[in-house]
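If you read the sequences in order, they're chains A and B.
Take the first sequence: its position 243, counted from the start at 1, is 229 in this note's numbering, and no numbers get skipped.
Take the second sequence: its position 105, counted from the start at 1, is 91 in this note's numbering, and no numbers get skipped.
These aren't lab readings, by the way, just hints derived from the structure by calculation.
Check the hints yourself; a few may be wrong.
If chains are identical, the list can't say which one is meant, so a pair holds when it fits in one copy or spans any two.
What the hints assert, rightly or not - Straight-line distance between alpha carbons at most 30 Å, and here's what the computed DSSO-like set of lysine-lysine pairs gives: (1) LYS25 x LYS80; (2) LYS80 x LYS26; (3) LYS26 x LYS133; (4) LYS120 x LYS52; (5) LYS120 x LYS133; (6) LYS40 x LYS80; (7) LYS184 x LYS52.
Number of protein chains: 2
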Amino acid sequence: MAYELYYWDGIQGRGEFVRLALEDAGADYVDVARGSEAKKQGTAAMMRILESRKDPYIPFAPPFLKDGDFIVSQTANILLYLGPKLGLAPADDKLRSFAHGLQLTIADMVVEAHDTHHPIASGLYYEDQKEAAKARSADFLRHRLPKFMSYFERVLDHNPAGNAHAVGSDTTYVDLSLFQLIEGLAYAFPHGMSTFNKRYPALAALRERVGGRPKIARYLDSNRRIPFNKEDIFRHYSELDQEIGH
Amino acid sequence: MAYELYYWDGIQGRGEFVRLALEDAGADYVDVARGSEAKKQGTAAMMRILESRKDPYIPFAPPFLKDGDFIVSQTANILLYLGPKLGLAPADDKLRSFAHGLQLTIADMVVEAHDTHHPIASGLYYEDQKEAAKARSADFLRHRLPKFMSYFERVLDHNPAGNAHAVGSDTTYVDLSLFQLIEGLAYAFPHGMSTFNKRYPALAALRERVGGRPKIARYLDSNRRIPFNKEDIFRHYSELDQEIGH
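This is chain A alone, in the form it adopts within the complex (with noise of 0.2 Å):
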């Protein structure tokens, strides 16, 4: 039975990076709010879920797996699920903990890149909390993303399996998942991240290679691969957009 994913129509946002995985594996998964209603998918069908009144086991928000009637929440939790299934996750224990790991910490800095522009309130404007923004921008880009790439880029540095993995000598969500933060920070950021490339090496030839992958590609190509845009997660602002710290 195909995978559900359940996530907002219209945006990359988190559901991306469970897409990324499941594309990569070449799984058969609906994306069930980006479909018809006449199938019973679409948005109303992710929110009877939501907002089911008798069942138990409900997600707090999107996005979430349905793997036949079991149900899956968080990000990374969904990926430490599909990991082992779709052949992305390590095959030792340890390994998929610090995979883990390092997916939590690619969650934390997904909110600190959203909160760069909405760092008062998701329910406000962007224009009505702009001069909070351009701080918070400013913070971002001067300390905070050089603390986590400097991070990730040491992580592939030390791999005892070479740069080309962030956990052992094999693709995993996590390669997906950073290539993913580095496109949208890119998107975000040009300018910032104008010298990603020579700061970052190994981060930078690992997003070349996971873009390269031809499902992947594919992938991106398709019309399944929603653009950036301006209600996602990484958002273009030009006036945010300044130099990174080292």
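Given chain A's structure and the hints, the job is docking chain B onto it.
Relative to the frame of chain A, chain B by itself:
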């Protein structure tokens, strides 16, 4: 061999979610950064690991746990690892996954609680982001806190094994973490949280019950429990403490 917990000295922070599980289980552990240099402990011992130039599997940030040579990072990942060993996780795999999803949702709320007083940058003083903090706190208390707490209350009420526990019929690390989350919010926002028990009766009862567990009660009374303070994730500033929404 004793577990080694590594977390910043002087604050409860994210380390506290792990401490509560270790304490409730009566596990043998060392709180390394709070130990003495003479015993090769202290903050310097923690920094040696974080700044290691050669080890491959280094965490991004505290808390992390060492079990022998094995390092686990990220609070929720540590609890995922420790839960079964400490008898604080459900036996069933699907319930374990649900428990982990809940713990990640708690972690998300902890980030938001932190950002009420530091919406612009962790590296800046509160006083330098006070106006933004007021706006963020107002939104957090009006919208976010009720959204999260209604969800957790719903999880308790829909637990097929009864509303005394978040998952299954026994105490898990999720119950302990919900206790800590509510304690922290009550410290930070005593005025806003004054209506909490009436609004969220199942969570209020859970908080009472966890606080009354003999080992937890002894721990809370001991000097191992660091008092809440203004360097911590949960902070009390009267100007941020407003009514919570519905």
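Which of the stated hints cannot be reconciled with the structure, identified by number in ascending sequence? Violated hints: 4, 7; rest satisfied.
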